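Engineer: Heads up: the protein sequence lines correspond to chains A and B, in order.
Per numbering that gives the first Met the number 0, the very first residue in the first sequence carries number 0; after that it's consecutive.
Per numbering that gives the first Met the number 0, the very first residue in the second sequence carries number 0; after that it's consecutive.
No lab work stands behind these hints: they were computed from the structure.
Certain hints may be false.
Claimed, not checked - BS3-like mimics (lysine-lysine), calculated; alpha carbons at most 25 Å apart, straight line:
#1 B:K220 x B:K172
#2 B:K172 x A:K172
#3 A:K220 x B:K155
#4 B:K220 x A:K155
#5 B:K208 x A:K189
#6 A:K172 x B:K189
#7 A:K189 x B:K220
#8 A:K220 x B:K189
#9 A:K172 x A:K103
#10 B:K103 x B:K189
#11 B:K155 x B:K189
This one's a predicted model, so the numbers in the text were calculated from it and none came from an experiment.
Protein chains: 2
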Amino acid sequence: MEIRYDGRKGDIGGPFIGTLHWDAELEGPRPGVLVAPAFRGRAQFEEQRAQELAALGYIGFAIDYYGQGWSTTDPTEAHAAKARLDADRATLAARMVAAFEALKAQDLVDAERTAAIGYCFGGKAVLDLAREGVDIGGVATFHGILDRAETAPEMKIIADVLVMHGWDDPLAKPESVLAFGREMTERGAKWQLHAYGNTGHAFTNPAAKPGAQPGFGFDVKATARSWRALVDFLAEVLR
Amino acid sequence: MEIRYDGRKGDIGGPFIGTLHWDAELEGPRPGVLVAPAFRGRAQFEEQRAQELAALGYIGFAIDYYGQGWSTTDPTEAHAAKARLDADRATLAARMVAAFEALKAQDLVDAERTAAIGYCFGGKAVLDLAREGVDIGGVATFHGILDRAETAPEMKIIADVLVMHGWDDPLAKPESVLAFGREMTERGAKWQLHAYGNTGHAFTNPAAKPGAQPGFGFDVKATARSWRALVDFLAEVLR
Numbered sequence: 000m001e002i003r004y005d006g007r008k009g010d011i012g013g014p015f016i017g018t019l020h021w022d023a024e025l026e027g028p029r030p031g032v033l034v035a036p037a038f039r040g041r042a043q044f045e046e047q048r049a050q051e052l053a054a055l056g057y058i059g060f061a062i063d064y065y066g067q068g069w070s071t072t073d074p075t076e077a078h079a080a081k082a083r084l085d086a087d088r089a090t091l092a093a094r095m096v097a098a099f100e101a102l103k104a105q106d107l108v109d110a111e112r113t114a115a116i117g118y119c120f121g122g123k124a125v126l127d128l129a130r131e132g133v134d135i136g137g138v139a140t141f142h143g144i145l146d147r148a149e150t151a152p153e154m155k156i157i158a159d160v161l162v163m164h165g166w167d168d169p170l171a172k173p174e175s176v177l178a179f180g181r182e183m184t185e186r187g188a189k190w191q192l193h194a195y196g197n198t199g200h201a202f203t204n205p206a207a208k209p210g211a212q213p214g215f216g217f218d219v220k221a222t223a224r225s226w227r228a229l230v231d232f233l234a235e236v237l238r
Numbered sequence: 000m001e002i003r004y005d006g007r008k009g010d011i012g013g014p015f016i017g018t019l020h021w022d023a024e025l026e027g028p029r030p031g032v033l034v035a036p037a038f039r040g041r042a043q044f045e046e047q048r049a050q051e052l053a054a055l056g057y058i059g060f061a062i063d064y065y066g067q068g069w070s071t072t073d074p075t076e077a078h079a080a081k082a083r084l085d086a087d088r089a090t091l092a093a094r095m096v097a098a099f100e101a102l103k104a105q106d107l108v109d110a111e112r113t114a115a116i117g118y119c120f121g122g123k124a125v126l127d128l129a130r131e132g133v134d135i136g137g138v139a140t141f142h143g144i145l146d147r148a149e150t151a152p153e154m155k156i157i158a159d160v161l162v163m164h165g166w167d168d169p170l171a172k173p174e175s176v177l178a179f180g181r182e183m184t185e186r187g188a189k190w191q192l193h194a195y196g197n198t199g200h201a202f203t204n205p206a207a208k209p210g211a212q213p214g215f216g217f218d219v220k221a222t223a224r225s226w227r228a229l230v231d232f233l234a235e236v237l238r
């Protein structure tokens with residue numbers, strides 16, 4: 000089901016359009032899991048992940064951080080859109096908070112039990128949501144970008160954080176992993192990081208042809224391992 | 000069952016004494032998992048892990064790298080014994096190969112399906128086994144020490160490697176993690192590392208009182224998460 004929701008006050012980029020997925024055979028409110036898309040915007044890939052989360056008994060909510068449900072298959076356009084939003088982390092964070100509020104407002108969602116997952120730039124987006132100090136059970140990233148948001152408030156991170164990371168990812172180099180560890184530790188986050196060796200950026204994306212671009216590529220084993228880790232993580236934080 | 004086995008030629012420290020554990024209700028050969036003890040030597044803790052591995056359908060083999068089944072509850076004695084062996088990595092590696100050969104020689108063990116796990120200095124020991132290039136399915140460490148063995152041969156690491164690591168561990172600092180990532184990548188290992196934030200050395204050991212020593216301490220969540228990760232890992236590499 001399509002869900003239209005507003006941004007926070009002053010955000011002229013809205014409305015935002017997400018899609019909600021659930022298992023119609025279940026009854027009553029259940030935990031909600033937000034899915035933040037990779038930098039091309041919400042597409043089939045993220046819908047599928049939200050559908051799989053629904054099949055696991057959660058409410059899956061594939062969100063939109065660009066506005067109007069915008070997405071593109073053109074990498075140049077996607078890079079430009081991502082760069083604009085990445086240069087304004089306060090807006091990114093505000094849009095993530097708005098999406099999180101929209102998830103919690105759904106009748107089917109148990110607002111006390113929520114989590115968020117994100118891919119690539121969407122990984123940064125869900126980390127930025129956690130960095131706002133919101134009361135969310137867990138935040139998990141797949142090949143997410145890890146750099147600190149200078150605009151984030153200096154407060155404790157409440158969410159449990161799981162980062163699933165390809166060690167060869169040029170967008171999150173080992174030094175970035177170290178800085179992330181320092182940040183999470185300083186901010187009191189309950190965090191963990193699963194690093195996969197010989198694995199690059201976009202490892203969950205079957206369209207990322209290994210070898211086409213150094214440090215990028217689909218990896219079926221890292222995909223399977225990371226999804227398994229996510230399923231365990233959600234079971235733990237959404238009790 | 001107690002298993003006495005010899006070291007490699009020229010090792011005057013033997014014989015070595017391990018214990019073998021299996022589920023007597025199962026029939027026929029099954030995968031074998033070597034358990035390398037923490038620096039105090041094989042004790043109740045490692046026997047229990049080997050028994051749990053037996054309950055999962057494997058053969059658990061708690062080994063001895065000091066010789067004569069030596070162990071101690073005295074930390075000063077343990078540190079001294081560990082320091083002697085740590086200063087002679089070639090002997091440590093040779094003893095691990097001898098233990099691995101002893102495991103494979105057991106009638107109950109399917110020698111084609113083997114793995115090794117280790118705790119603390121035992122983590123280093125099983126990594127050193129992998130560094131010898133032996134044909135073993137998987138090697139996993141809990142708060143293991145990661146530094147490279149200068150005496151190891153420069154050959155491909157065949158084992159799948161899983162490192163479960165407390166990020167605050169003073170015995171394996173972040174720089175050591177980075178160096179380990181470089182080493183494993185260079186040597187072609189199929190490796191992964193699970194880092195647990197706010198977690199120190201000895202996180203699986205209930206006797207390690209949190210706060211007694213900075214950077215050390217039992218952590219029940221990291222214990223549960225790491226054991227779950229191990230069970231998944233063994234299922235994957237021992238098919």
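Engineer: Against the structure, test the hints numbered earlier, and report the numbers of the ones violated in rising order.
Structural biologist: 9
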